[in-house]
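Chains as they are written, first to last, in our numbering: chain A, 144 to 481; chain B, 497 to 1039; chain C, 39 to 317.
If you're looking for bench data, these hints aren't it; they were derived computationally from the structure.
Some hints could be false.
[Unchecked claim] So, partial list: chain B residues that the calculated Cβ filter (under 7 Å) puts toward chain C:
(1) Ala837
(2) Leu841
(3) Pro871
(4) Ser883
(5) Arg887
(6) Leu898
[Stated by the list, open to error] Pulled from the structure, derived: some chain C residues nowhere near chain B, Cβ distances all over 10 Å:
(7) Val57
(8) Gly94
(9) Arg117
(10) Leu152
(11) Val215
(12) Thr216
(13) Ser220
(14) His228
(15) Gln263
(16) Glu275
(17) Thr295
[As the list claims (entries may be wrong)] Stretches of chain A that chain B covers, calculated by requiring three or more beta carbons in the stretch to come under 8 Å of a beta carbon on chain B:
(18) 367 to 381
(19) 397 to 407
A virtual CB, placed ideally from N, CA and C, is assigned to each residue, including glycine.
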Amino acid sequence: MTAALPARPPTTPTSAARPPVRRRLAALRAPAWLGAPVRRLVSAVAVLWAAATTAYAALLLAPGDTVDILVGDGADTPEIRAQIVAEWGLDRPEAVRYLSYLGRLLHGDLGRSYQLQRDVGEVLAGQVGPTVRLTLAAAAVGVVLALVLAVATAGRSVWPRRIVSAAELVAVSVPQFVIGIVLLFVFSFSLGWFPVSGAADPQALVLPALALGLPVAGVLGQVLREGLERALEQPFAVTARSRGLSERAVVARHALRHALLPAVTLTGWFTGVLLGGAVITEALFGRPGLGRVTMQAVSAKDMPVVMAVVILSAAVYVTISALLDLAYRLIDPRLRSV
Amino acid sequence: MTELAITRADSAPDPASNPAAGPPLVAVEDLRVSFPAAGVEAVRGLSLSIAPGECVALVGESGSGKSVTARALIGLAGSGAHVRASAFRAGGEDALTFGPREWRRLRGRFAGLVLQDALVSLDPLRTVGAEITEVLAEHDVVPRPARPERVRALLEAVGVPDPEVRVRQHPHQLSGGLRQRALIASAIAAEPELIIADEPTTALDVTVQAQILRLLADRKAAGTALLMISHDLAVVAAVADRVLVMKDGLVVEEGPAREVLTAPRHDYTRALLAAVPSASPGHRRSARSPGAAPRGPVLAGTGLSVAYGSRRAVDDVSFRLHAGETLGVVGESGSGKTTLARLALGLLAPDAGEVTLRGGPWSALPERRRRPLRPAVQVIAQNPLDSFDPRHTVGRLVADPLSALPKRRRRERAAELLGRVGLPPELLGRRPRELSGGQRQRVAIARALASRPEVLICDEPVSALDVSIQAQVLDLLAEIQAEDGTALLFISHDLGVVRHLSDRVMVMKDGRVVEEGDAGEVFHHPRHPYTRELLAAVPRLPE
Amino acid sequence: MAVAAPALRPGARPRPGLVLALLVLAVLVVVVAAPGLVTRVDPLAADPLRALAPPGAGHPLGTDHLGRDVFARVVYGARHSLGIGVLATALAVGAGALLGLAAGLATRLAGEALARLFDVLSSFPELLLALLVIAITGPGTWNVVAAIGIAQIPTYARVVRAQTFVVRRSGYVEQAVTFGHSRARVVARHVLPNVVGPVPVLATMGLGQAVIATSGLSFLGMGPQPPAPEWGTMLAESRDYLRVASWVAFSPGVALTLSVVCLTVAGRHLQRRFEGRTP
């Protein structure tokens, strides 16, 4: 481990030689007002590039012939093999292959599924709708439930808090599909209120959205409540109370914004939970969507589709975290002026 | 410097001698506040009354219960607090019968609260204007359309320039002094009869502190009563009519300010007053060993500069520190004194200039060659807890610099060192978190002494401590210096503390040294206007 | 003034929830180590004549659609469901801690680059990353270990790097530098112990998530292949019989939930204790 040690001791510069790199680079920096959006864009591109590269690396690292892997469990004819070699440039040098892969993605071309004999983009586009509806509904369930519970219980008497935090513990600890099975058993099989599967009518969205949204509500609720309780002990909350504000007003006007800040930073994680969870939820409730396409592709080893799903989810993540970064700046003025 | 005293004498005659003063605004008898969950009894039977227009000061060290008392007076002791009193009247009503609704009606309108640091006492996510408007709206002081104008007027009244600009700014965009003024504006927005100020100037530089104290005195002159909470007797001396000295939840002494501060009756008050390090002339320590000077400085800096981006934290600073002497470095926040400490320690490389140790290179050495010399230059920081490895016991901490000694000798030496700083050897097995603030700083000193350093760099070593503990730690440093002939580079924002220990003084402002010289000379006959301003701003006890 | 920060009170009253969680975890360890001690019934023995029998004599938790004993399958399933979680977490924590330390101690440029890489990788949904691995390797016990382990490496690497950074910039490391100690000594005595300290806490918390991920992949049919008993697989199979035989879903569902709840409770307790010691 010591081999990896820095040339300087592990604190701010100690050896007298030259001013640190950062200071020398300072002169080259973009103007401050440009800094944040540019940095944001660069990091977004970096995430997408890394996603594409990870998917590509997975393909390279996979044992066996690349053509075999791309064919997967699909029909294996000389024509298809020739098509793969041509489209992936497998007869050309490694570097060219990789760059042409990136170039293709840059043009929005996600490649071709040789099993379905269709363009991946086309396969996915047909399934985006139900998944977007499901994840948005689940996100709404999670956020609304978490907000309501956190505001209702933060700093309150011991008992309601204990019950809610126990419920949150369970919500965090139960896998989505177990929640889904319980919901199915109670509301579909026993009470018959909701359909067992499908996505035909809006009613069919209720149980999947709950199953997917409850774990999010559990985690988010905890984070929000802890944030609220911390904020309510801060001096500015004391000042607000000293003005005659009611506890409710202190929460609504002051503490809530502070509590939202840590919650916003967790959004990347929530995006992952929702996207990953959608795969399981769609399988459990027999819903069409990206999740089902993904599972079919994984089972059939249809690599082009799996790679495209990974890249697509990275794109979703990048978009959402860019939006939330913006939200963060709106909430916290301290970030705006620096 | 006596301006404040004059204001008080002119405008606010002693209410006790003023028959026109009405019934007290707040009167509480036998107030008891406990926190059952923590098993703490913070206030144990305190009686207090504040007359209209009067300034009462509650003074005590940390844990004395002064803040809890102040908050209990407006029903804000906290949800975990159990508050009792035999009689409690506020705003002419019986506060013992108050529910949350009655308290809320009183807060802001009857009493406004000013807390320590406006950076966190004003909501950092909201504009200054929104914070002040909130009070106006909550108590419907003026109709909605008139509120922006009222906010502007309030900011102007507390001496905030360009109020139109400031209302749209957030606390972090304002300087410490302006922030504190804005906080006061929000506290007086609903025209309360009483301002409760809990350490209102503690986070501020001394010159800004003087301005805020003057502002509070102005409010009092305008007829508002003031309850002032402070750990600092000198701060309250300027404004208070009456002083209550608290210790362990009880009032140990109470009386007219002048009497308590000049002729204290209780031992604790006397001890507190004696411990206040004074910046006034005539109090000087002479410890420099006569033979030291000709040998040349132990540690010296020439033409030191460090820039962070475009800001020059230290700008062309030179210093010479001789064996056995104390060089005090005084400056307000942002003056570059901590950067200077890091330069002297060899933790930061100067952009220009050089630090030398015993005439040889120090800052210019590569770290590998500096390492063997490091034991000669040690540091005592403001917060010792930060500098302790959280996993280690006191014994391991103190023995850490002694890696050259065999294991058994190390433990003996650690016990010796603890003895030197007045701590019993039983503490060797304890963890720093279990110790009091003063004990921790003693452990830090013991550890710094372990390598028998020639230079001790003290960066605000007593700023986090109560005044009585401060005095003990300062005495300990002086004693060590007298015995070992150690050179001290003593850095502080507190002129009194620097005065207490220094042979020579450097005054820093914005990274530059504005004045340097013999301590007595600088404190008696300051030449630079900034030094004069600093000295004038220091709150003083009445002679 | 003599009031120091409240130290950890070792004699504080035991929390009933924690005691219960630790008891359950102890039982689970026994079940994973020696399922034969708990039940003598073969989890794979099918009896089509007694398919979907409700709980009762002979079959305390009923039988599934092939007439296999649900109790025996839940007991033997623990080895798969929890075992995979433990192995995957070990892989993720081990590799993640090493990478995180390397990134935290490397020069500024290399450290930054590694950190960005962790950020990017941990931004992918873990399940999708795991599915990418499965798409290449195919389903199966060891492949799930690899998939979940690899998918969680970036998370641990990130936390450990952040912790390394905090420790490197801490006052006590700077203090150790002023004593003139060598860099190796500072790293060995102060940096490493303070970085590694929180890792077991992280691992306990992460284990619960790994168990959830394991059962999720099995639920999707990617885990241990039938007829091997695994809680997620059992739940997937039970879905078709939910209307007539809810007990088939009930037992593995409860076992799974209980395990994760207890791991979370234990992990949080460790975390609180740890934070109580080092502020």
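To see whether the hints hold, each was checked on the structure:
Taking 7 Å as the C-beta contact cut-off toward chain C, the hint placing alanine 837/B at the interface is violated, the least distance being around 11 Å. Proximity of leucine 841/B to chain C holds as hinted, the smallest CB-CB distance being about 6 Å (cut-off 7 Å). Because the closest C-beta pair between proline 871/B and chain C is about 5 Å apart, less than 7 Å, the hint holds. The closest approach between the C-beta of serine 883/B and any C-beta of chain C is roughly 4 Å, which is under the 7 Å cut-off, so the hint is satisfied.
Given hint, arginine 887/B at the interface with chain C, holds; its Cβ is 6 Å from that chain's nearest Cβ, closer than 7 Å. Against a cut-off of 7 Å between C-beta atoms, the interface hint on leucine 898/B is violated, since the closest Cβ of chain C lies about 9 Å away. Here valine 57/C stays apart from chain B, with its beta-carbon at least about 22 Å from theirs, past the 10 Å limit. With a closest Cβ-Cβ approach of about 50 Å to chain B, glycine 94/C is found to remain outside the 10 Å limit, as its non-interface label requires.
For arginine 117/C, the requirement that its beta carbon stay farther than 10 Å from each beta carbon of chain B is met, with the minimum near 37 Å. Leucine 152/C, annotated as away from the interface, keeps every beta carbon of chain B farther than 10 Å; the closest lies near 24 Å. The claim that valine 215/C lies off the interface is violated: its Cβ sits roughly 7 Å from the closest Cβ of chain B, which falls inside the 10 Å cut-off. Consistency note on threonine 216/C: stated as away from chain B, yet its beta-carbon is not over 10 Å from all of that chain's, at 6 Å minimum.
Listed as outside the interface, serine 220/C is inconsistent with that label: its C-beta sits roughly 7 Å from the nearest C-beta of chain B, within the 10 Å cut-off. In this structure histidine 228/C is not separated from chain B by more than 10 Å, as the shortest Cβ-Cβ distance comes to only about 5 Å. Distance check for glutamine 263/C against chain B: the nearest CB is about 47 Å away, which clears 10 Å, and the non-interface claim stands. Remark: the non-interface label on glutamate 275/C is consistent with the geometry, its nearest Cβ contact in chain B lying 50 Å away (cut-off 10 Å).
In this structure threonine 295/C is separated from chain B by more than 10 Å, as the shortest Cβ-Cβ distance comes to about 32 Å. Given a C-beta distance limit of less than 8 Å, the hint that chain B covers the region 367 to 381 of chain A holds, as 4 residues qualify and 3 suffice. Residues of the region 397 to 407 of chain A lying with their CB closer than 8 Å to a CB of chain B number 3, which satisfies the three-residue condition for coverage.
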